[in-house]
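J.: Residues per chain, in single letters:
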Amino acid sequence: SAVISQKPSRDICQRGTSLTIQCQVDSQVTMMFWYRQQPGQSLTLIATANQGSEATYESGFVIDKFPISRPNLTFSTLTVSNMSPEDSSIYLCSASLATDTQYFGPGTRLTVL
Amino acid sequence: GNSVTQMEGPVTLSEEAFLTINCTYTATGYPSLFWYVQYPGEGLQLLLKATKADDKGSNKGFEATYRKETTSFHLEKGSVQVSDSAVYFCALIFRAGGTSYGKLTFGQGTILTVHP
Numbered sequence: 001s002a003v004i005s006q007k008p009s010r011d012i013c014q015r016g017t018s019l020t021i022q023c024q025v026d027s028q029v030t031m032m033f034w035y036r037q038q039p040g041q042s043l044t045l046i047a048t049a050n051q052g053s054e055a056t057y058e059s060g061f062v063i064d065k066f067p068i069s070r071p072n073l074t075f076s077t078l079t080v081s082n083m084s085p086e087d088s089s090i091y092l093c094s095a096s097l098a099t100d101t102q103y104f105g106p107g108t109r110l111t112v113l
Numbered sequence: 001g002n003s004v005t006q007m008e009g010p011v012t013l014s015e016e017a018f019l020t021i022n023c024t025y026t027a028t029g030y031p032s033l034f035w036y037v038q039y040p041g042e043g044l045q046l047l048l049k050a051t052k053a054d055d056k057g058s059n060k061g062f063e064a065t066y067r068k069e070t071t072s073f074h075l076e077k078g079s080v081q082v083s084d085s086a087v088y089f090c091a092l093i094f095r096a097g098g099t100s101y102g103k104l105t106f107g108q109g110t111i112l113t114v115h116p
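First to last, the sequence lines map onto chains Z and C.
Note that the first sequence covers residues 1 to 113 in the working numbering.
Note that the second sequence covers residues 1 to 116 in the working numbering.
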């Protein structure tokens, strides 16, 4: 299995600003993923981040709004840009050890005022 | 496309009651199936999984059997505790090739509340 940490655990931000969320895995992983969980909802995949290549975004998510970095096999960041109240959500990262199973971080709870 | 449907919630039970949370899926082929649990204020934890038909996943007293004929993966526990109160997500994933897998598809989640 993999142990995943995220920073910050929560934040309150003003509209129009940006927040970068960090995700650290305790072992080298091939694939990392970023999800959004809106209040009371299920998880929606934002993008898949592979080391050494551009992130692959799902329909409805664009790089200008959610730029992602994946500088090495244990770390990734997601930036939520030009935030609005509609971006208030839990953002979760996950990682896969080249198997069918994804392990999740504790999430970042974002509130945009 | 692939989809996962969970029973309507929320589910409210008394301690020591029997739990069933229904999960059915629509997919072409044979995905791996999962149950994840999200405790209040936390991220998702893998509860159990099954990778092929008739496999039974189990953990912490929870069980689920991969039923190909009914495309189901219902979660059961014989005696729930207050500490089981959480949101439960059913999910599936397909192998894309080699050691590569496609997108994890989630159900809508079922809120379970257990009262003393």
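It should be emphasised that the hints constitute simulated quantities derived from the structure, not laboratory data.
Just to be clear, a hint being listed does not mean it is correct.
[Said to hold, decoys possible] Below, computed lysine-lysine pairings styled on BS3-like, alpha-carbon distance capped at 30 Å:
# : chain 1 : residue 1 : chain 2 : residue 2
1 : C       : K68       : C       : K103
2 : Z       : K7        : C       : K68
3 : C       : K52       : C       : K77
4 : C       : K77       : Z       : K65
5 : C       : K68       : C       : K52
6 : Z       : K7        : Z       : K65
J.: Against this structure, judge whether each hint is valid.
T.: The hints, checked one at a time:
no.	hint	result
1	C:K68 with C:K103	holds (20 Å)
2	Z:K7 with C:K68	violated (40 Å)
3	C:K52 with C:K77	holds (21 Å)
4	C:K77 with Z:K65	violated (42 Å)
5	C:K68 with C:K52	holds (8 Å)
6	Z:K7 with Z:K65	holds (19 Å)
Against the hints set out earlier in the document, violations occur for numbers 2, 4.
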